[in-house]
Amino acid sequence: MLRSIEVDSPRQLDSPRQRVTVTLRVNGQEYHLLLPARTTLLEALRENLGLTGTKEGCGKGECGACTVLLDGRPVNSCLMLASQAEDHDILTIEGLSSQENLDPLQAAFIAYGAVQCGYCIPGTLMTAKALLLINPRPSREQIQEAIAGNLCRCTGYEKIIEAIQSVSSQ
Amino acid sequence: MRDFEYLAPCTLSEALQLLAQEDVHTWPLAGGTDLLVRMKDGSVKPGRIVDLSRVAELNGISEEEGIIRIGAMTRYSEVASSPLIQAKAPLLSEACRQIGSWQIRNLGTLAGNLVNASPAADSVPPLFALDAEVILANHRGERAVPVALLAEGPGRTCLGKDELLTSIRFRPLPEAAVSFFLRAGQRRALAISKTSLAFTGILDDRRSTWKEVRIALGAVAPTVIRAHRAETYLVGKPLRRKVLEEAAAIVSEEAKPITDVRSTIEYRRLVTGNLLIQGLWPLMKED
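These protein sequences, in sequence, are chains G and B.
So in our numbering, spot 20 of the first sequence is number 20, and the numbers just go up one at a time.
So in our numbering, spot 124 of the second sequence is number 124, and the numbers just go up one at a time.
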């Protein structure tokens, strides 16, 4: 059963015509929001729902730090208006683990030392999750191709790829 | 981003009515992968956004009476994974599979790529090589325009203020056709092409000479262009390496690139011709 939550919006200086009411389904929970129409999905997640695991890097779809899953498929949440995400199921990094249990991908990232500064990791994990959802045993090339839109400036990707591979071969 | 009014019509006629209203500076929103970036940097300041994602008529890929139709809101990832496109216009699915990143391909649309009118748009050379046409509609009616006439320059199209590109149409390639799309960029993902080339060709019954050829070049002119002289040269010619090298030299001449942050005139000219050689080399017979 979905729990419904009303979320107060901060006071805005926009006119009523520039506001939208949006219902977002995030990590299995439904939220009703009143937002300025210009609010991106990323802003709504972070500022209005307090789900700050999803990061903003470049803000123009090049780095992938803002990656969330929309109906199981990775998208840049910085390039979507919150309104466009209505009627879709959104999964963020906060929804990847259940209770105290890390997702196997998260555990593998820790075990393989795939995390350094960590800023790109929530986005990379979401893309990796989407890959394993459609292809439980991807090849190294398929992993590389899948995460090509998630830039990491620390790790050199090697340990990230190994971590994803370790889960896929389980 | 500046404030704007947001409307999400559910039918095409509602959307076209909204675009016909002249009181507000209105922009249609498709995938948003270009428009939102431009709204954030302030180079586009719409007063009203008409989100097309709920308009069912603009979705989907179909084949009817020998014509393939791709709705304007079809995402790159859908084009890339469509069995119909893979079978009957494989170069278009190859191109869509290489655009941006997985995240971008799940948002961006074919129509957006066309209307954005970047000469480096990767889905456009295949549509030139397929001799596609686009349907432009406003609240009064619609017109069909050859894809080669849509873009008039970088970022400029023949689209009227109240017009929407609603679908893309082309004839499927015959089963025996030769086709490919190749590009060169700084890296495989997310890099804007330095140059790209799309090819469709039909061989004679003995599969020894070219009967029909179309070659389209991206990122080497103010718009995507056809390499007409190279096409004419190849028709009637055999599958020989010397012929191919000559055709590639003509392609290099027909390319009219500029030097910019991504590449130089000299590199783009040479590599554009080389893309033709790369794509057709496996078919060539010893000289």
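Think of the hints as simulated: they come from the structure by calculation, not from any bench.
Check the hints yourself; a few may be wrong.
[Unchecked claim] Some chain B residues close to chain G (C-beta under 8 Å, calculated; not the full set):
hint, residue
1, 40
2, 44
3, 102
4, 212
[Stated by the list, open to error] To be clear about the criterion: a stretch of chain G counts as covered by chain B if any three or more of its residues have a C-beta under 8 Å from a C-beta of chain B, and this derived list gives those stretches:
hint, stretch
5, 53 to 61
6, 68 to 82
Predicted model only: the values in this text are computed from it and were never measured.
We treat Cβ as the ideally placed atom computed from N, Cα and C, and that holds for glycine.
Do the hints match the structure? See the list:
Restraint check, residue 40 of chain B versus chain G: the minimum CB separation of about 6 Å is within 8 Å; hint holds. For the restraint placing residue 44 of chain B at the interface with chain G, the shortest Cβ-Cβ distance is roughly 12 Å, beyond the 8 Å limit, so the hint is violated. The criterion of a C-beta within 8 Å of any C-beta in chain G is met by residue 102 of chain B, whose closest approach is roughly 5 Å, and the hint holds. Interface restraint check: residue 212 of chain B against chain G, minimum CB-CB distance 33 Å, threshold 8 Å, status violated.
A stretch counts as covered by a chain when three or more of its residues have a beta carbon under 8 Å from one of that chain; for the stretch 53 to 61 of chain G and chain B the count is 3, and the coverage holds. Given as covered by chain B, the stretch 68 to 82 of chain G passes the check, having 9 residues with a CB less than 8 Å from a CB of that chain where 3 are the minimum.
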